[in-house]
Each structure stands twice: as structure tokens, then as C-alpha cells.
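Just so you know, the protein sequences line up as chains A and B, in that order. Take 1 as the starting number for the first sequence in our numbering and just add one per residue. Take 1 as the starting number for the second sequence in our numbering and just add one per residue.
These are calculated hints, taken from the structure and not from any lab test. Here the structure is a predicted model, which is why all the values come from computation and not from measurement. Just so you know, not all the hints are guaranteed correct.
[To be verified] Covered, in the sense of this in silico footprint (three residues per stretch, anywhere, with C-beta under 8 Å from a C-beta of chain A), are these stretches of chain B:
no.	segment
1	12-26
2	130-136
3	214-228
A virtual CB, placed ideally from N, CA and C, is assigned to each residue, including glycine.
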Amino acid sequence: MIRYLFYDLRLKLLSVKFWLIIILYVILAFIPIIPELEFFLGSISGEQTYPVTYFWFIPYTQTPVIWVVLMTVAGFVTSSLVYDDLKQGYIQFMIYRTGLKQYLLLRLVTTIILAMVFSLIANLLILMLLGIWFPFGLDDPDMLSYFVADFSFEEAISLASPLWFYISQLLVLSLHTAWYAVLVVGVSVRIKQSLLLKLLPVFVYSLLNSFEVMKWLPVALNPSKVFSNRAYLERILTNYSSGIDMLFNSLLYRLLFLLLLVIGAYSGMLLYLEKNYRIRKGV
Amino acid sequence: MKISSKLVQIFLLDLLKNPLLYMGLLLISLNLVSLLTPLKAAATYFDLGISMGVIVFLFNEKLMSLAVMTCLLLLYANLPFKNDLQLSLIVRSSTSTWFVAQIGYVFLLSIGYPIILLLLSGLVLWQQVELTHEWGKLLGSIAYYPSLLEEFSIFLYPSNGVMTTYTPLEAILFTLTLLMLVSLFAGVLILTFNLIYSGLGFAIYAVLMFVEFSLMFFPGYAIKYFSPLSWLSLERISLSFMDNLPSMTYVVTFLVVSIITCLLAIFFLLKSSRFRERVINE
């Protein structure tokens, strides 16, 4: 199984499509930042360049439309992993070799790794691009918080060390991408149209949004809140115990949430495929 | 003509069997619920009705705008119809008739789409709709006191400029006409470019969505003159000489000229026997 996992990952990571999607993601994520950069470069940094944090821009990049667009683009990498296998009949070969249960596990692990790697590479690229204009303030939390206009971010940065703040935010972003990817792959066995599969994040976001408005979904069970940096940082403000602990705990909660989602997707796919497909027994 | 209308009927039946249609409608409905529920809560709180003119402001909200564009993409995802049935339809009618029927299908959908949106909005606002030719106290209050938006978590922002320039009926008619023209434009654009190269129409439509997305952050740039999908919102169309936005005349002319250009392109493509053969072979 490990052999197949490495083979699949290598195949995907070295594909042109993967890198083209990363470029598209970076461009789309960068568009909201440009007006802010123009402001800083034009009016402040003429004489001196101040350290900034990319995560300061997250309140902008996480407005609903941009977030949906970014998640949809990120989903292009993994959305058709199982769909293509079913369509091309490759699933029969894989099941013959590994068995259905291992095949599904393999695909879900591949999805999570790919989604997280995608998000890490894309966001590191954005950090690198920003680094061209601004030094990153890793040593001076006060300086960082001085430039953070958003109250919740100012508080969050002053609670944790800047380096930990960067790492935790990168992890949170990659987990956010991973949960969408797992959900899309989970339902891909049922969906017969590729376009619908690619646009699934738009539906999921709209569904969660309407549930939230109707007050049918508690915050703790709402994935778009649980995996959102902004929403969580805002919640930190209500509890001042310890910033680092809070962020760490939140990562644990998110991992648990993701694990439950993976179990749900795995069981759903297994039940559906066993019931609806004539699967040859594996060796 | 009779054959064309029969073909349009077949295409529409094909659409009715397609889950993409229902997913598109579901997407619109979900966003309407998210957008209008807080407004309904405010209406209940103040014991006021909501003017149907509210649909004019739906497209000011970006997520709704994205949902409407996505739904259009789903509705036109079949274009040009390529399935096992089509070859026999082409043989029985002719390639030209088959294409005329597809244009008729796009035309019918672009008329039906605004009506469906109007009906869905009416359904979501059920019991609180106020049939009046005024904007109503609720929308007026929100436009003049934006603090109400935050108080009731309303994301739909009624534009003061639109409310003072147009009557609700005028604004509704303009919005529905623009939605019809934009839908028609999107349909013929996807059809034409998908005929030239499979999937090219979708790629161009995605570029237009990208332009509309960029407009959120670069409102002062010239791209607003080349972003047909953003013209669903009356706020993006000039209300006075001072606002530096495309005028209504420009918008309508741009859309009509683009639609006619696409139709002429299909007409010239059809004249080529090599192209017709390619369509049949595909």
C-alpha cells in the first residue's frame, strides 16, 4: 500500500496540472492583497519598510467569495482521484491488487496529503512573494501587532510567538483545504458529472452558510467555522488563558474533526461501492 | 421551424432530466435563504413588509452573484449537446436546424432564468412580500441607517443611489432585462466557443468570472467596461455623469453586439462543410 501511495503522490506532485493549479491559487489569493500592498508601498515604505505578516491579509482573503473560489481551485487537485478511477475502470485493477478497504484508505490518505502539501506550497509561495517587498517580523510581536488593523489578529499575535503563529496558521490553512478535499472525494463515488464535482465547494459553502443563518448548525460542528483562522482567532478573544495552548488545542480539535470526517467519508464510500458496484474480490 | 421547435422541446426535456439543473436551482435557493432570512427577521421585528424591489439588490452581494453565475454555467454545461441521441437528430433534421434549435434553447433558458429567480425570491419571502410601487420603509431605513445591517447581520445592501434614481418597478424590469441579456450572452458565448474547440467556451466564461472577481479589488480600473457578468447589479452601472461607471446604453450595446457577433460566428462556421462534418464525427 505504501508503494502505491508514493507512486500516486509522485505522479500527482510532478504533474504540470498540479503546478498550474498552484499558480492559479497564488494569483487568486494575491489579488485581494495587491490593493493593500499598493497602499503600503506607496504611502509608507517610501522611506522605510516595515515587517508585515501574510496572515494579516487573511481577513481579506477569507471573505466568503474569495474563500469559496480558493477552495474550489484547491479542489481541482484531488476532486477526481476516485471519480477518474471509477470512470476509467482503474478501480477494478486497484481493488484486485489491494482490496476495496485498503484502496479507499489509500485514496483518502493520498487526498489529505495532496491537499495539505498543495496548501503549504501555495501559501509558502505567497509568503515568499510578499517577502520580496517586506521583511517578515519573526522577532518583534509588538511591531507585528502595531500594523495589524484587525483587532482579533492583533490580540492573537500578541498571545503567541510570531514563529508559532506562522506555523500554526499554515497548518490551519492546510487542514482547511484538506477537509474540503476529503468531503469532495467522499461524495465523488455518487456524482456522475465532473463539473458538479469541481463546483462542489461552492455548494458546500452555500449549504453551511444557509444552515448557519437558520441557526441549525452549532459553531463547534460547522466545518467552515472550525477550520477558519479568522473565526477561531475571534473566539480566542473570549478566552485569555494562554494563546499558544489555545492554538494548539484548536489544532487538536481540528485534527479530530478531520479524522471524524475521514471515517464518515470512508464508511460512506465503502457502503456505496459494496452495494452499487460489482467489485472483484481482491487477493 | 416546426422541426426546430421539436428539437428545442427535446433539449428542454434533456435538461429536465439533468441533475445539473436541480443543483443549480438548489444553489440559488440556498443563497437566497442565507441572504433574505436576516432581512425577514428585521421585517418581523419592525412589523413591516418587504418590497419585491429587494431582488434588485441581490446581486450587490458577491456570494449571490457567484451563485447566479455558477448556476448559469450549470445550465449551459451541455452546450453543444453531444450525446448518442444527437447524431440521429442531426441526420433526421439537418446540422443547421440542429444549431438553430440550440440557439432557441439558449434563448428560452435566458428568458426563463430571470423568471425562476423572481419566483424563488418570492417563495423565500413568502408572506412578507409587500406589493407596492414604493421601496418600502424597511429598505429605505436600511439604506439610510446602515447600522441596521450589522444589528440584524444583513449582508444585502440596498443602494441609496439606485433607490433615488429608479422606481422599484423600473429597477426590477431593468434588472430582469439585464439578467436575461447576460444569460443570453453567456449561453451564445459558451455555445460558439465550445463549437470552435471543446471546453473553450467554459474557459472564456471562467475568465469572465475571474474579471468580475478582480473587479471587487480594482473598482477604479478600466476592466469594469469589459466585465459583462458584473452588470447584473444596477449599482455597477452609471447613475450620473460623476460616477465613472459604464452607462446603461454602453452595457446594453456591448451585450447586444456581443450576442450578434457570436450568432454571426455560428452562422459562418455552419457554412463550412468541414466544420459540419467535424460536428457529426464528434
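Evaluated hints:
no. : hint    : verdict
1   : 12-26   : holds (count 4)
2   : 130-136 : violated (count 0)
3   : 214-228 : holds (count 4)
When each numbered hint is compared with the structure, a violation occurs for hint 2 only.
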